[in-house]
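Start from the sequences, fold in the hints, and give me the full structure.
There are 2 protein chains.
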Amino acid sequence: MNSTDTSRLPLKVVPLGGLGEIGLNMMVVEYGDTILVVDAGLMFPEEDMLGIDIVIPDFTYLRENRDKVKALVITHGHEDHIGAIPFLIREFPIPIYATRLTLALVEEKLREHKLLERTVLHTVQPRHPFRIGPFEIEGIRVCHSIPDGVGLAIRTPQGVLIHSGDFKLDQTPIDGRRLDLARFGHYGEQGVLALFSDSTNVEREGYTLSERDIGQTFRQIFRECSGRIIVAVFASNLHRIQQVLHLAREFDRKVFFSGKSMVTNVRIARELGYLDFDPDSEATLAELQRLEDHRVLMLTTGSQGEPMSALTRMAFNVHRKLSIKEGDTIILSSKFIPGNERAIQNIINHLYRQGAEVIHEQVKDIHVSGHAYREELKMMLNVVRPTYFVPIHGEYRHLVKHKKLAQQVGLSPQNCFILENGDSITFLNGRAIVEKQAETGRVFVDGKGVGDVCDLVLRDRRHLSEDGMVLVTLVINKEHREVLNGPDVVSRGFILEETKPEILDGAKCLILDVLERYQAEGEMMDCGDFQLEIRRELKRFFQKVLERRPFIYPIVVEI
Amino acid sequence: MNSTDTSRLPLKVVPLGGLGEIGLNMMVVEYGDTILVVDAGLMFPEEDMLGIDIVIPDFTYLRENRDKVKALVITHGHEDHIGAIPFLIREFPIPIYATRLTLALVEEKLREHKLLERTVLHTVQPRHPFRIGPFEIEGIRVCHSIPDGVGLAIRTPQGVLIHSGDFKLDQTPIDGRRLDLARFGHYGEQGVLALFSDSTNVEREGYTLSERDIGQTFRQIFRECSGRIIVAVFASNLHRIQQVLHLAREFDRKVFFSGKSMVTNVRIARELGYLDFDPDSEATLAELQRLEDHRVLMLTTGSQGEPMSALTRMAFNVHRKLSIKEGDTIILSSKFIPGNERAIQNIINHLYRQGAEVIHEQVKDIHVSGHAYREELKMMLNVVRPTYFVPIHGEYRHLVKHKKLAQQVGLSPQNCFILENGDSITFLNGRAIVEKQAETGRVFVDGKGVGDVCDLVLRDRRHLSEDGMVLVTLVINKEHREVLNGPDVVSRGFILEETKPEILDGAKCLILDVLERYQAEGEMMDCGDFQLEIRRELKRFFQKVLERRPFIYPIVVEI
Chain A
-12 MNSTDTSRLP LKVVPLGGLG EIGLNMMVVE YGDTILVVDA GLMFPEEDML
38 GIDIVIPDFT YLRENRDKVK ALVITHGHED HIGAIPFLIR EFPIPIYATR
88 LTLALVEEKL REHKLLERTV LHTVQPRHPF RIGPFEIEGI RVCHSIPDGV
138 GLAIRTPQGV LIHSGDFKLD QTPIDGRRLD LARFGHYGEQ GVLALFSDST
188 NVEREGYTLS ERDIGQTFRQ IFRECSGRII VAVFASNLHR IQQVLHLARE
238 FDRKVFFSGK SMVTNVRIAR ELGYLDFDPD SEATLAELQR LEDHRVLMLT
288 TGSQGEPMSA LTRMAFNVHR KLSIKEGDTI ILSSKFIPGN ERAIQNIINH
338 LYRQGAEVIH EQVKDIHVSG HAYREELKMM LNVVRPTYFV PIHGEYRHLV
388 KHKKLAQQVG LSPQNCFILE NGDSITFLNG RAIVEKQAET GRVFVDGKGV
438 GDVCDLVLRD RRHLSEDGMV LVTLVINKEH REVLNGPDVV SRGFILEETK
488 PEILDGAKCL ILDVLERYQA EGEMMDCGDF QLEIRRELKR FFQKVLERRP
538 FIYPIVVEI
Chain B
-12 MNSTDTSRLP LKVVPLGGLG EIGLNMMVVE YGDTILVVDA GLMFPEEDML
38 GIDIVIPDFT YLRENRDKVK ALVITHGHED HIGAIPFLIR EFPIPIYATR
88 LTLALVEEKL REHKLLERTV LHTVQPRHPF RIGPFEIEGI RVCHSIPDGV
138 GLAIRTPQGV LIHSGDFKLD QTPIDGRRLD LARFGHYGEQ GVLALFSDST
188 NVEREGYTLS ERDIGQTFRQ IFRECSGRII VAVFASNLHR IQQVLHLARE
238 FDRKVFFSGK SMVTNVRIAR ELGYLDFDPD SEATLAELQR LEDHRVLMLT
288 TGSQGEPMSA LTRMAFNVHR KLSIKEGDTI ILSSKFIPGN ERAIQNIINH
338 LYRQGAEVIH EQVKDIHVSG HAYREELKMM LNVVRPTYFV PIHGEYRHLV
388 KHKKLAQQVG LSPQNCFILE NGDSITFLNG RAIVEKQAET GRVFVDGKGV
438 GDVCDLVLRD RRHLSEDGMV LVTLVINKEH REVLNGPDVV SRGFILEETK
488 PEILDGAKCL ILDVLERYQA EGEMMDCGDF QLEIRRELKR FFQKVLERRP
538 FIYPIVVEI
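Chains as they are written, first to last, in this note's numbering: chain A, -12 to 546; chain B, -12 to 546.
Derived by calculation from the structure, the hints in this document are not laboratory data.
In this text the structure is predicted, and so the values were computed from the model without any measurement.
Errors might be hidden in some of the hints.
Identical chains share a label here; the pair holds if one copy fits it or two copies do between them.
[Unchecked claim] Straight-line distance between alpha carbons at most 16 angstroms, and here's what the computed EDC-like set of lysine to aspartate or glutamate pairs gives:
(1) 57 / 442
(2) 526 / 453
(3) 465 / 362
(4) 390 / 344
(5) 101 / 258
(6) 435 / 484
(7) 465 / 176
(8) 391 / 344
(9) 435 / 534
(10) 435 / 453
(11) 351 / 190
(12) 365 / 192
(13) 390 / 362
(14) 435 / 489
(15) 351 / 192
(16) 312 / 34
(17) -1 / 352
(18) 526 / 469
Put into structure tokens, the structure is as follows:
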């Protein structure tokens, strides 16, 4: 790194998502008039985001620098890295760069959203750098729970940035494609300005198991099972799917694929040669019904207890075509993602009710993580040996712990930065400055609406969800304020009215009391005041008799 | 057991809660005209029970047999065993039997609910049987995460029932009170008709650690900490609290107790001699502010991320008197209960933002379970050697696995029964029959209302929470169906109206279209049809433009 050339412009990196949260990964790399976007992921809604379908990053910073936005580079094909692409491309029709499999998954997604013609897709070959404006970018192969992931080396006029992508070390990966440690080391030798590295598993000591290690547990289960086997797994976990398909061949079971994303991903992976699977081994639904139990393997989605998934519908016995039967063994081969445990446990209980046996990661080693543990994170830090370090992909505590880890391997605390979404880190002649850069946040997608549900709307939903609502309708004569119709009081989600008819009757009496005041006060009280007063009285009343705070909406019409 | 005496009546056991779920523990033991109730616990609401405060068992079966209900026996003082007592006692003013500490906690609860005079409290001494009608009952000491727990031996004319309570084996309990294996064995030798045993941890292999084992980890943390230490723990976990208090003495830290239940439980336990703690070691709030950091220990509730707890308020920096500072170490010394993970992780992130270090069970051994693991469960089965076995306290999968475990240690499958709440098992002359006995379910407590929120009301709350609501008001002339006022369309929790004013405008136009039809149709269409038609049209419209399904409530007033 030559720090004396003062003609160079500052290099700016602005994370727009994925720092302080898991998911929603997106990062801006900016030099002069060029903005490169790395990843465009979604996040699945948290419990208090009522009614929200997905969450995407806030593109405001990109909008403010619209002309600069030149390209999108994707590290791998998980939803938390590609899920926001349709929303991004709709606004910014920029070219997309990714490896073969990743690109195929992106293509599928864009086709679904009818956006394929809005962009150009470029295949990234690891170890084959490509140029975007002032940047020379190279994909560096990493291992992860989806094939074809890469980290990125981004050569800029201010020095080289390394973005780890999501990675783990796996010395015996299923597809034989190891993390390209030599290439990370090559850049480390040359000098790396800054490393941005995945923090997801910084709380876990040691090393991840190899994907191959769990194969033995699977084989044992296949050996002992005489009934049908149903494996639920993320459709993107093609390594896992490959292992299971190998076992199906070994134990002479035919395979039925269930779930839309499972079918799609398996098709794409087979077309591109990422899955080794004999088409004759696939069972149709009709064959499935005829096969003896010990010849059946089903591969399905729904390992997170997703309400509409095939597995959930089977568990609750409401699937139109498939059902669980006594003697089935269901393997949930994924992590219980925090927030989903209750849903998953619920499915498991129902599967047991149907007479099945269920095996999951909490009782057997049938899952390994795709994210590096502490020792692997240290190795990345030591191989890349960056001047500056910014932990990414993690909640706040992960970022703090990753920063501490970096110090353990010798980085100076002054050179490690905890950034949050919207912060920028600017590199100029070997120095780094962190600032608050952009207003950024999360954008909610609800049905077809993007961004039209904000915190205010969610607050109302939460209020409505807590104690329901009470509607009051009253039509009165404008002149004399006499009742023409009502007061009618109806409630929803508030109380089963039959059990306590006195509640709404009491409410009516109160409204009539307020009306008397309204009639008496004349000009001292207008209709707005009257409605406010109704709300206030009812609020007090419901609090007193029920300790509830429903949403109260009085509608007074004067004619 | 003498199975030839035909003068004996059948003995019936009916679980009313705790089978097929964790929490809500309650069981009826019935012989002739006597019903003995074992435990009366609550459950905290699951995510989809919107706005519900707590859940209690359905007492219908007791109501139908009101005259028979003679006494309540409590195994230990956890909320899932005592939390429904006020609701039970309000309806059934029966005497309560429990050990000293348990009884003191029950007394406190009844006093709060102003129900103390409605019942009589009897102290149970382990190994001192007492009689209730045809039953002779003996408390058998067990270890658990609260002191003074017992299992029960219930001698009946049909034989002896053993109820394990919640138990674990702990060879080195903090209070020196071991599980009374000899006494369980004594009954086992004499012959036990049926064992009802805790299934909570049947998925966990081996043995639980002793409570004392985690003391070393705690000591290590105390040794290394130079800042303040804040331990968050269940207020009922007096063993844990005792260990921490011993360490406070050892490391010369003064103790500040925070959180209502913490203060109450510590007071009760000290009064009864269940906590060894020098009153001079307690710090007042004023002292707390003055003490040097390395002299401070805070014991607080909120280890589950409860929104109103002291710890949560400190984490979000909204506590009026206490705050977190750089260098604090917070120890969350309890399990992450499924369903609470997101809330807990959220707190942890905020604590890190405040500059604190957080230690929890997922990074260090600072928690042990109070429920027996598989080897301990086997030991209970082997010592008690029952003729019949019924797994209790567990979700469905736990019950299935516990049943299988019982078969592993030699019980015959025909003698192991999976019961669900409301099923009965009847013993008559050595035989056992399982039947569906009672309609039972869960009763929701919301504020002051008990049972007035049912599934129907919850469904409305869920609907309202998903996409909010849209209200339509229209006043028309009865005779000519001309508009006198409106249509007005307002929404809550549906959409931020400013972002898409065309949505509600579009809705208004649609309503006017429907009105035209209403005006044209005359008697063919009444006002009810009109409102239905408005709802139908709007539903279709919102689905089309936004893919949302708000709650639509049209109010048409004809005057």
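Taking the hints in turn, this is what the structure says about them:
1. In this homomeric assembly, residue 57 and residue 442 never come within 16 angstroms of each other (Cα to Cα): the closest approach is 32 angstroms inside a single copy and 53 angstroms across copies.
2. In this assembly of identical chains, residue 526 and residue 453 lie within 16 angstroms of each other by CA distance solely inside one copy; the values are 14 angstroms within and 24 angstroms between copies.
3. Taking CA atoms no more than 16 angstroms apart as the test, residue 465 paired with residue 362 passes in neither setting, with 77 angstroms inside one copy and 78 angstroms between copies.
4. Within a single copy, residue 390 and residue 344 get their C-alpha atoms only as close as 43 angstroms, which misses the 16 angstroms cut-off; across copies the closest is 13 angstroms, which meets it.
5. Proximity of residue 101 and residue 258 under a CA criterion of 16 angstroms is satisfied in neither setting, with 22 angstroms inside one chain copy and 72 angstroms between copies.
6. Proximity of residue 435 and residue 484 under a CA criterion of 16 angstroms is satisfied inter-copy only: 15 angstroms between copies versus 35 angstroms inside one chain copy.
7. Taking the shortest alpha-carbon separations for residue 465 and residue 176, neither the intra-copy value of 84 angstroms nor the inter-copy value of 87 angstroms comes in at or below 16 angstroms.
8. Within a single copy, residue 391 and residue 344 get their C-alpha atoms only as close as 43 angstroms, which misses the 16 angstroms cut-off; across copies the closest is 11 angstroms, which meets it.
9. Taking the shortest alpha-carbon separations for residue 435 and residue 534, only the inter-copy value of 6 angstroms comes in at or below 16 angstroms, while the best intra-copy value is 37 angstroms.
10. For the identical chains of this complex, residue 435 and residue 453 are inter-copy neighbours only, at 14 angstroms across copies versus 26 angstroms inside a copy, given an alpha-carbon limit of 16 angstroms.
11. Taking the shortest alpha-carbon separations for residue 351 and residue 190, only the inter-copy value of 10 angstroms comes in at or below 16 angstroms, while the best intra-copy value is 21 angstroms.
12. When the C-alpha separation of residue 365 and residue 192 is checked against a cutoff of 16 angstroms, the pair qualifies only within one copy, where the shortest distance is 11 angstroms, while the shortest distance between copies is 33 angstroms.
13. When the C-alpha separation of residue 390 and residue 362 is checked against a cutoff of 16 angstroms, the pair qualifies only within one copy, where the shortest distance is 14 angstroms, while the shortest distance between copies is 42 angstroms.
14. Proximity of residue 435 and residue 489 under a CA criterion of 16 angstroms is satisfied inter-copy only: 14 angstroms between copies versus 42 angstroms inside one chain copy.
15. Taking identical chains as interchangeable, the C-alpha atoms of residue 351 and residue 192 lie at most 16 angstroms apart only when they sit on different chains, with a minimum of 11 angstroms there against 19 angstroms within one chain.
16. Taking CA atoms no more than 16 angstroms apart as the test, residue 312 paired with residue 34 passes in neither setting, with 33 angstroms inside one copy and 29 angstroms between copies.
17. Proximity of residue -1 to residue 352 under the C-alpha cut-off of 16 angstroms is found in neither arrangement, the shortest distances being 43 angstroms within a copy and 42 angstroms between copies.
18. In this assembly of identical chains, residue 526 and residue 469 lie within 16 angstroms of each other by CA distance neither inside one copy nor across copies; the values are 24 angstroms within and 35 angstroms between.
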